[in-house]
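Participant: All chains, please: the whole structure from these sequences, using the hints.
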Amino acid sequence: MNKNPLPLTETTFFILFSLASSPKHGYSIIKEVEKISGGRVKMAAGTLYGAIKRLVDCGWIEPTDPTKKTLDERERKYYRLTKEGSSRLTEEILRIRKLSLLIKDYHTVVGI
Amino acid sequence: MSLKIFIISSYAALLKLYPTGFQHEYAEEMNRVFIDLVESTDKGNRWKTVRCFLNECLCLPGCLIREYSDAIGGMKMKTTKQNLVITSIGFMSLFLILSIVNGYYRSQPAGNWTHTTTTLFLVIDFILQGILYGVLGGIAISIVLPSTNRKQMMLACGIGYLISSFITGEGYWEVLGISTKWINQNWESFLVYASSPMNGFLIGLIVGWVWKGWKAGLIFSIASTIIFTLGFWTNYLSWYVLTNVFRDNILFGRSWLMVNWIVGYLLFGGVVGILWGILMDRIQRYPLFSSNVVN
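Chains as they are written, first to last, in our numbering: chain A, 9 to 120; chain B, 142 to 436.
Please keep in mind that the hints were generated in silico from the structure rather than gathered at the bench. Fair warning: this is a prediction, and the values are worked out from it, not measured in the lab. Just to be clear, a hint being listed does not mean it is correct.
What the hints assert, rightly or not - Derived contacts from chain A toward chain B, CB cut-off under 8 Å, selection only: (1) Gly46; (2) Lys50; (3) Gly54; (4) Tyr57; (5) Lys61.
What the hints assert, rightly or not - Here are the simulated distance ranges between beta carbons: (6) Thr17/A - Leu144/B: 30 to 36 Å; (7) Val400/B - Glu18/A: 30 to 36 Å; (8) Tyr334/B - Ile44/A: 52 to 58 Å; (9) Ser108/A - Leu199/B: 28 to 34 Å; (10) Gly46/A - Tyr377/B: 38 to 44 Å; (11) Leu359/B - Ser95/A: 54 to 60 Å; (12) Asn186/B - Glu18/A: 23 to 29 Å; (13) His165/B - Gly46/A: 34 to 40 Å; (14) Ile44/A - Arg192/B: 35 to 41 Å; (15) Tyr377/B - Lys91/A: 53 to 59 Å; (16) Leu110/A - Ala153/B: 45 to 51 Å; (17) Lys50/A - Ile304/B: 56 to 62 Å.
Here a beta-carbon is modelled for each residue, glycine too, at the ideal position from N, C-alpha and C.
Facilitator: Structure representation (structure tokens):
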């Protein structure tokens, strides 16, 4: 993943955002992303795990139990944000906030 | 079989298309997530179930390209020079011997390289090329990929070359008494241009398949077809330059024809050797196929 990663891709942002409140497994990440995006973003499992792989590789998220290699029936692997991931998410949120303030000012100036 | 079970097993089969390293790490989870997605939509609505599967299928090509390009390396890593040198020497020496034999024979009056090659020469040429591809190509590959079996690689290279050369060499068909009356000039040109890509395709397919199975065969065949095509066009370009650009300045004769053969084939061998070296170096470094352990 890019060393200078801002702005995050939409998928990355939503995955990090969905993990901000608590660790989650793949299915619950998909559902959470669908919920927080108002049903607009429906991730396929392939897209999700491609992104998860890259986020794990660059240390932004991690499995809650990395020693567990195989899963039992119905058992799930949970992922959580790392400190690095959390700070990247915060940076991105601040960036978006600045942008939204700019847009607000633009509205005032232009009058739309 | 119910639609749900059919879709779930189809998805499990599709997961096998991912690189093996990725599969080991995530396929089980992906399958589970997909089952959850299907179960959450499969409440009497078959269309939603199908749509869920189609959604996965639509994103599959993009995901596969991304994962394979990640696995092959993003071209960030340094290539081992030794690997390039070994495969280059292997393929260049192979082509050097072939070029000397061909150059010598074809520069003789009886060996006009268009239509009058003799049956004996064709047979010797065919066998010699097969043996050389087998021995030199196979040895180079087995040195660069230590987990391969040398004899298997030699056989794979030799057989791949012989079959592909036979498919595209109408001269060889005539030796066996197969009619070539239907081959007009267009077909003849096509066969000439198709010969090297076909060599690359079958050598890559058989080497990859013998080494790591069908998926490796598929990837090797695609890469090798491109490599051999590039090699062919380098050879072609060298012929064009040597026969046209320098034609007026240099004594044009039999020995010049032989120089053409040697230079053209050496360039061909160099391109093929270096690119095969890069290909195998990448393949060796990344866990693209099952049990791809570097010894």
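Participant: Could you run down the list of hints and mark each one as holding or not?
Facilitator: Results for each hint:
1. For Gly46/A, the interface hint is violated, the least distance from its beta-carbon to any beta-carbon of chain B being 18 Å, above 8 Å.
2. The closest approach between the C-beta of Lys50/A and any C-beta of chain B is roughly 7 Å, which is under the 8 Å cut-off, so the hint is satisfied.
3. The beta carbon of Gly54/A comes within 4 Å of a beta carbon in chain B, closer than 8 Å, and the hint placing it at the interface holds.
4. Interface restraint check for Tyr57/A: the shortest CB-CB distance to chain B comes to about 4 Å, inside 8 Å, so the restraint holds.
5. With 8 Å as the threshold, the beta carbon of Lys61/A comes within range of chain B, its nearest partner Cβ sitting at about 6 Å, so the hint holds.
6. Between Thr17/A and Leu144/B, the C-beta spacing of about 34 Å keeps the proposed range 30 to 36 Å intact.
7. Remark: the range hint 30 to 36 Å for Val400/B to Glu18/A is contradicted by a beta-carbon distance near 60 Å.
8. The hint said 52 to 58 Å for the Cβ distance between Tyr334/B and Ile44/A, and at roughly 56 Å that hint holds.
9. Ser108/A and Leu199/B have their C-beta atoms about 32 Å apart, which keeps the hinted 28 to 34 Å range intact.
10. A hinted range of 38 to 44 Å is violated for the C-beta pair Gly46/A and Tyr377/B, which are about 58 Å apart.
11. The supplied range of 54 to 60 Å is broken by Leu359/B and Ser95/A, whose beta-carbon atoms lie about 42 Å from each other.
12. The beta-carbon spacing between Asn186/B and Glu18/A, approximately 28 Å, falls within the hinted interval of 23 to 29 Å.
13. A hinted range of 34 to 40 Å for the beta carbons of His165/B and Gly46/A is consistent with their spacing of about 36 Å.
14. Checked against the hint of 35 to 41 Å, the pair Ile44/A and Arg192/B fails, with Cβ atoms roughly 22 Å apart.
15. Between Tyr377/B and Lys91/A the beta carbon distance is about 58 Å. The supplied range of 53 to 59 Å therefore holds.
16. Between Leu110/A and Ala153/B the Cβ separation comes to about 48 Å, which falls inside the hinted range of 45 to 51 Å.
17. For the hinted restraint 56 to 62 Å between Lys50/A and Ile304/B, the CB-CB distance of approximately 48 Å leaves it violated.
Checked against the numbered hints above, the structure breaks hints 1, 7, 10, 11, 14 and 17 and satisfies the rest.
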